[in-house]
Structure formats: structure tokens, C-alpha cells
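J.: What follows is the residue order along each chain.
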Amino acid sequence: MTSKHILGFALGLGAALIPRVSSIQAQTTSGQPSAVQTTSKPQTSAPKAAQHYSEGERVFAQNCSRCHTAPDGFSPRISGTVVRHMRVRAQLSKHDEQELLRFLNP
Amino acid sequence: MLAMLCAVRHATAQDTPLLSGGVGFLTNTNSGNTTYSPTIQPLLAAPIGNHFFVESRAVLSEFFTPNSDGQPGYDHSHFISLAYLQSDYIATPHLTVVGGSFLTPFNTFNERLSPIWINNFQDGPLIAGVGAMGTGTGVGGELRGSAISRNKYSIDYVAYFSTRSGNEQFNSERSTGGRASMYLPDSRLEVGVSYGRLLQGTRENFYGTHVWWEPKDTAFRFRSEFARGHHAQGYWIEADYRTQAFGGLNSWIGRIEPVFRMQQTFRRDTIVSDSLPLVNTQRADFGLNYNLPHNTRILTSYSRQFSSTGDHNIWETGIVYRFLFPTWKGK
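Heads up: the sequence lines are chains A and R, in that order.
Throughout the first sequence, residue numbering follows the working numbering, covering 59 to 164 in sequence.
Throughout the second sequence, residue numbering follows the working numbering, covering 434 to 764 in sequence.
A portion of the hints provided could be inaccurate.
To be verified - The calculated lysine-lysine pairs, modelled on DSSO-like cross-linking and capped at a C-alpha distance of 27 Å, are: (1) 649/R / 585/R; (2) 585/R / 152/A; (3) 152/A / 649/R.
Stated by the list, open to error - Each pair of labels, with its calculated beta carbon distance range: (4) 701/R / 131/A: 44 to 54 Å; (5) 638/R / 163/A: 30 to 40 Å; (6) 131/A / 600/R: 36 to 46 Å; (7) 163/A / 501/R: 52 to 62 Å; (8) 131/A / 752/R: 36 to 46 Å.
What the hints assert, rightly or not - Chain A regions said to be covered by chain R (calculated; three or more residues, Cβ under 8 Å): (9) 119 to 127; (10) 145 to 159.
No wet-lab data here; the hints were simulated from the structure.
Every residue, glycine too, gets a C-beta built ideally from N, C-alpha and C.
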């Protein structure tokens, strides 16, 4: 088996699977919690708090979990440090930093 | 007044310095020779006041390799290095000034994916050295931040200058460069370009581009990079996937993570000024990882590398635990 065979096989397999995977996921994940909710957060009833929660969740999903999976959990004593580290490393805006901090400390 | 004090105490408590990182045991079988490597990569991060932040990552590895010439037993060597040690000053909502020893911001692998608790494979891509300016670390300063952040798109940037340093722990080359990325949240698409110029020795330019895509509501990720120097160029594409169809990501099936990476390098001439192979090379990496509970991952992969100097197999296995905790208990 040559490199051309492997490359052709891999690209063909990828091209065939990606649309299938996306369609399956779109069907199965509607209404399911997203990946970032592995760190369970208490739900709040206040609409404003819920809005912050979802905004912070969006920031987490779009910036943090783009590179790595969420840790199983960590002490609230370091949440500010984690967020500041993410601000520098992921180049978050000030607004996103604040929303992320609210998400980690509802 | 009491409320203010409580708030300050609460805020201070959130800013306790943290110790994070990864510890793992890795094996690599390349062309039949197996290397065993226990390794630890601790990361320390400490905020100082409201604007300053200090962070550092180190690498401590031990390598056990079989003795050559058929002799029984193993030889061993160790590697200890400071990956970076930088202080950050958050000057404005759009600007952070970084000083010290920092990871070279060229493409994405060096800054984002190189920690063992993040990378899907044990080893980096073949082109990881292009634009990394030798050590992958610069000594000098960086300007970085979020230029624009809107609901529909965001643009971030980083520009750096590094001086030449011969210090054992802070080795760097005189260089400059930067990166700009645009992210589209609706389509979960990131596109970026990088530029670097080596200001000593071969004095060459490096160009790079990266494309990341993570379709919404899926655990599918696509990452790719292209890098070009004066004497060589190459690319890698990587896709990984976890299914949520059978009980979510935390089910035993959802924890399985197949990964595929394809990479090619092309040498444009025989002048060697980068870490790319001396001949054109193709490599396919097939990985199968398992994400255990408690921040532990099992990494396995098989790679087949093709070049005119000979084809060979690379087998890798490893287990990596990611830790993250405060440096002291606090209140």
C-alpha cells in the first residue's frame, strides 16, 4: 500500500463521513446539553441570570472548548485565575471575560 | 461596608494562583525502537492585582530507550526545560502587553495545542518547527488582544519581537512576526494568517495560515495549518470526533475519540534552516483516544510515514492526567 492509496482512502472516507456525521449530530443533539455542561451549574430562575448563563456558556463553548475539553471541575477559588489566563491565551474581550466569570461563578 | 468587604474577599478568593498541567506516561515505537517516557508539564498561573498576570510552564521528561547493538537493558536520558515564563499586563480591553519568555505566536499548534493534556497525538505535526524560530520560544515582548468582538464575528491579533538569547533556559533567536485570526461564531469557523521573520542567520520569512472548524452542536473538530518558509513548506489537517448519539459525551461510547491527521512536507531546496524532513514526506496518523473520567485520557495512535529515504511505522500509546488546583487552600 502506497502513500497515494492511504491519502486517497483517507480523503474519500472523510468526505463521505463528514456530512453524515453532521446530519446525525443535528438530529440527535437537539435539546441535549452541550459539551461544556460537563461542569454542572445550578440553574437560576431570574431571566437576567439565565441570560448571563447562556452568554457565558457561549463564550466557553466558542473559545475554551475549541482547543480543549472542559475539566471535570475546579475550585471556585481559582475561577478568576482561570478566566484571566483564558483572556490572555484565547485573547478574550473584556466583555467575554466577564461573561465567562459569571458562567463559572453563577 | 460589610458587603464591600465580603465582595473583595470573594473576588480575592477567586484569584488564588493555580497549579495546572499534565502528567503522563508515553510510549513511542518508531521503526521498531520503543522509547518509554514519563513526563510532567506543570503550569503555574498567578494574577497580581487587577492588571498583572504571571504564568509559566515547564517540561520534565525522562526517556528510556533500549541499548543499541542488541545489548540488554535500557539507557536513559532526561529533558528539563522551561517552555515559557511571561508576565502579562492587561492595559486596555483590547490590549495585553506581554514581557518575558513566551511561546512564538505562529499558526496555532505552538500556543494552543502543544500541552500534552490538549494535543490529540503525543507528537506535534511535522511543520511545527516552521515559523517557531528554532526553540518555539521568544524572549522579548508581545502585544496581543481582541481587536473586535461582535456577535457575528471577532478578530484577534498578536505581534511580537524577540531578541537573541543564548541562555540555557531562555534560548531564543532574534525575530519578529505576528498572527491575526477571524472567528465566525455562527458557522464556528476560524481562519487566521501568520507571519514571521528571522532577523539573524538565514534571515528568512515564514508564512502560515490556519483553518479551524467545529460544526455547531457536534463534537466534531477540524483543524488545519499550512506553513511556508524559504526552503520548505508543508501542511497538516486533523479531524476528531466524539459521538453524542448514545447517551452523550460522558457515556462510555461518547468517551471514545477517533482522530485522523494527514500531513505532507515539501522541501524546496537542500538548504536546511528549519525542522522539516530533508526529503518530501507524507504521513498519515490514525488515533483512537479514550477520555476517562477525572481528566484522564488514553492516547493511542498508529502512523505510517512515507519518504524517499524509506517508509516506516510509528506506534504511540500513553495515558495523560490533567491536574488543576489552587496553590494554597485560601478561604
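J.: Please go over all the hints and tell whether each is borne out by the structure.
T.: Hint check results:
no. : hint                      : in the structure
1   : 649/R / 585/R             : holds (14 Å)
2   : 585/R / 152/A             : holds (17 Å)
3   : 152/A / 649/R             : holds (24 Å)
4   : 701/R / 131/A: 44 to 54 Å : holds (49 Å)
5   : 638/R / 163/A: 30 to 40 Å : violated (45 Å)
6   : 131/A / 600/R: 36 to 46 Å : holds (39 Å)
7   : 163/A / 501/R: 52 to 62 Å : holds (56 Å)
8   : 131/A / 752/R: 36 to 46 Å : violated (20 Å)
9   : 119 to 127                : holds (count 5)
10  : 145 to 159                : holds (count 10)
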